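Given the sequences, and given the hints that come with them, work out the whole structure.
Chains as they are written, first to last, in the numbering used here: chain A, 2 to 263; chain B, 6 to 496.
The set of hints was computed from the structure by calculation and includes no laboratory data.
This one's a predicted model, so the numbers in the text were calculated from it and none came from an experiment.
Take the hints with a grain of salt, since some may be wrong.
A partial selection of chain B residues facing chain A, derived with a Cβ cut-off under 8 Å [as the list claims (entries may be wrong)]:
1. Ala74
2. Leu359
3. Val368
4. Leu371
5. Ala375
6. Ala382
7. Val386
With the C-beta cut set under 7 Å, the calculated list includes, among others, these residues of chain A facing chain B [claimed, not checked]:
8. Gly108
9. Ala111
10. Thr140
11. Ala200
12. Ala235
Here are the in silico distance ranges between beta carbons for each label pair [as the list claims (entries may be wrong)]:
13. A:Pro181 - B:Gly316: 41 to 49 Å
14. B:Leu459 - A:Asn126: 39 to 47 Å
15. B:Arg381 - A:Asp182: 34 to 42 Å
16. A:Asp182 - B:Arg294: 42 to 50 Å
Think of the CB as a built atom: it goes at the ideal place given N, C-alpha and C, for glycine as much as any other residue.
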Amino acid sequence: MTMALVTSGPGDKAGQVEALRRQVARIERGARDTATPVLPFGVAGIDRHLPGGGLMRGALHEVSGQGPDAEDAAAPAAFVVGLAARLDPAKPVLWCQMGEGDLYGPGLAACGLAPSRLLIARARNAADLLWAMEEGLRTRSLAAAVGEIADLPGPASRRLQLAAESSGVTAFALRRFRLPDAASRAPNASVTRWRVSPAPSAPAAGEPGLGRPRWRLELWRARGAAPAEWIVEACDATGHVALPAALGDGPARRERLRIVGA
Amino acid sequence: MDRRGASGCGSSAHKPAVLAVSVGGRRILSAVNPAAEALGLLPGLTLADARARVPGLDVANADPEGDAAALLRLAQWCGRYSPWTVPHGADSVLLDITGCAHLAGGEDRLGAALFERLARRGIGARLGIADTIGGACAIARGGGHAVNIVAPGATRDALAALPVRALRLGGEMAAALERLGLRHIGDLYRLPRAALAQRFDAALMTRLDEALGEEREALSPLPPAPPRWTRRQFAEPIAARDSIEAAIRVLLESLCRSLGEEGLGARLLVLTLHRVDGESASLAVGTARPNRDAAHLMRLFAERIERIDPGLGIEDMMLAARRAEPLGARQLALPRAGQDGVTADDAAMLIDRLANRLGARSVGRLVPRAAHLPERAQHFVFAFATGGDAFRADQPRPVRLLPFPEPIEAIAPVPDDPPLNFRWRRRLHRVARAEGPERILGEWWRGEREAELLRDYYRVEDEDGRRYWLFRAGLYRPDAAARWFLHGLCA
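Written out as structure tokens, the structure reads:
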């Protein structure tokens with residue numbers, strides 16, 4: 002049972018305190034940080050909401066899709082690819098998957114990650130996959146380690162979180178495959194837990210074809226931040242998400258910040 | 006009694022040719038071929054004089070270091086005839102063939118075989134076999150045959166008729182001796198030693214004594230190549246995981262040390278274990294790049310120790326570097342936590358560890374391939390394989406591609422239009438927006454089936470905003486139902 006920290010608005014003190022506390026913990030563990038401790042999304046509403054002003058580096062983040070079906074696996078993958086690509090453009094990204102996987106190089110390039118930077122590890126079972134991810138997290142030569150996994154038990158997530166903290170490499174658990182609902186929502190050590198689902202795009206009137214894809218980005222669990230959700234435009238070729246123009250230009254910046262509780 | 010063999014080498018050509026070196030601003034001949042020697046050109050002459058005497062002389066720059074390296078290689082190559090070989094001076098190789106000659110069928114056969122092999126490699130050589138190093142050198146230089154053999158104990162007589170130059174003396178000393186009429190080594194025998202030693206350098210007597218075996222001269226052979234394997238036998242058979250691990254660590258440290266001396270790194274290590282019951286097992290570990298970091302290699306083995314079945318105990322372990330490649334002196338230890346400085350070797354070591362547990366074919370990259378069909382446009386290569394250009398980013402492509410296009414039921418009332426709705430995996434999707442078609446043709450050169458292949462791809466978005474990559478196979482025909490497939494999932 003988790004008590005949600007519900008506060009009045011963005012930029013809350015509790016979030017800043019949490020960020021500072023984690024920074025102190027990292028310094029105490031001996032991980033020296035030259036880069037900034039967070040990766041900003043570049044979207045003011047999201048960055049203001051997250052403690053520290055962005056996605057925490059050297060931590061475990063969980064990303065899942067709207068559901069367990071194959072068709073729900075594309076948006077969360079693209080979301081992770083965009084973030085991983087921006088973490089450290091000079092270093093490779095380790096992608097651990099079960100078996101041959103279905104990542105498509107030409108499509109990844111469009112989300113900001115050159116496939117030449119992608120190191121793929123094909124695991125036979127979940128134990129090997131978690132091991133490979135942890136090995137990656139213990140090397141400082143990676144930008145990020147991503148694992149496509151169905152079940153992420155508490156102890157395994159804590160190991161990943163500790164490994165990420167010790168090296169400063171960011172970990173993403175990309176939840177996939179069918180699991181009972183309770184298991185997929187079971188608590189784990191992830192610092193943030195996201196759900197990325199597609200949202201209808203809105204091409205300008207008269208514009209033929211598809212517009213830029215949109216996602217509903219739900220932050221349903223985060224340490225030091227209240228749950229929230231946003232509608233964003235999907236990663237561009239630099240890996241950045243953006244606020245839809247129509248929403249961003251609105252007079253009241255109609256970002257849909259809602260407190261949902263967890 | 007030692008039997009020594011010596012071979013002197015030099016190129017044999019019919020055209021006069023010389024090598025020149027620069028000494029104090031002058032160009033001096035350092036070596037001449039037989040044709041040049043016949044024309045009176047000798048080492049030590051200035052190049053200007055030599056050119057004046059022999060117009061059209063072939064001159065090349067001497068490369069003493071290259072010569073020394075080549076001579077060393079030749080000495081190592083001679084190891085097939087004797088374990089004790091060493092380059093000697095600027096142009097000779099010494100072989101201690103004591104106890105080896107019978108393997109080749111006698112000294113004469115050994116000499117002939119060596120001469121013939123050298124000739125096949127284009128190396129002109131003269132061979133001498135005698136009891137002493139000096140004697141072998143002298144008979145090789147002055148003997149007049151290709152292979153000169155001095156019978157055991159006959160060195161003194163055999164050398165008597167040779168010119169004094171054959172005695173490894175400096176050019177000036179030999180010239181001085183010749184001026185005094187001492188042309189042959191035998192002439193020196195008759196003179197009082199004290200007078201000779203006084204008149205000339207003591208080196209003359211030393212050289213003479215060495216040739217005659219009155220002064221001992223030792224041959225310091227080339228060290229044998231360090232072994233690329235180590236072995237450990239246990240007084241008590243071991244079976245516990247900790248003991249096995251400790252033993253592997255000791256073997257690795259010793260092997261890495263000897264690899265370091267050779268400037269090599271291991272690419273493939275094989276550990277062989279002999280059990281008390283006579284069974285043996287082996288364990289192989291490969292690395293992506295040459296490596297001799299014992300700690301890193303130990304981690305690779307540690308992953309697999311569980312796979313060792315020690316049975317009643319292991320009595321003997323052998324670790325061999327089956328494949329080794331050059332690795333510079335800079336060997337980086339694994340960086341510890343909190344230590345800065347990340348190198349490409351870190352990534353290489355990570356790949357090693359992953360590949361050793363998951364399998365070498367399970368760690369890799371996606372690289373583009375020039376192909377029309379999307380499913381062939383990428384392939385998976387081992388992580389360190391070279392090549393791999395960037396993928397084209399200008400075409401809209403899905404993030405995930407299904408292994409095979411899956412048939413869908415689609416309703417598309419208008420030819421060449423995207424479907425209005427489709428059913429995939431038992432779920433109905435209503436298409437809200439679409440883009441296309443993008444026509445992709447098969448690769449006609451692959452065969453007839455491929456030549457007829459035609460796909461019109463559409464990107465569609467359903468009512469919830471999910472995006473799919475669909476295609477209709479073949480051209481629209483009013484008399485046949487169109488076949489639709491779903492091929493990829495877009496972000």
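So, going through the hints one by one against the coordinates:
1. Ala74: violated, 38 Å
2. Leu359: With a closest approach of 5 Å, the Leu359 of chain B hint holds.
3. Val368: Holds: closest Cβ of chain A sits about 5 Å from Val368 of chain B, inside 8 Å.
4. Leu371: With Cβ-Cβ at 4 Å, under 8 Å, it holds.
5. Ala375: Where the cut-off is 8 Å and the nearest Cβ of chain A is about 13 Å from Ala375 of chain B, the hint is violated.
6. Ala382: Since chain A brings a Cβ to about 6 Å from Ala382 of chain B, closer than 8 Å, the hint holds.
7. Val386: violated, 10 Å
8. Gly108: holds, 4 Å
9. Ala111: holds, 6 Å
10. Thr140: holds, 5 Å
11. Ala200: Check passed: Cβ of Ala200 of chain A comes within 5 Å of chain B, closer than 7 Å.
12. Ala235: holds, 5 Å
13. A:Pro181 - B:Gly316: 41 to 49 Å: holds, 44 Å
14. B:Leu459 - A:Asn126: 39 to 47 Å: holds, 41 Å
15. B:Arg381 - A:Asp182: 34 to 42 Å: Holds - the Cβ-Cβ distance for Arg381 of chain B and Asp182 of chain A, about 39 Å, lies within 34 to 42 Å.
16. A:Asp182 - B:Arg294: 42 to 50 Å: holds, 46 Å
In the structure shown, a violation is registered for the earlier hints numbered 1, 5, 7, in ascending order.
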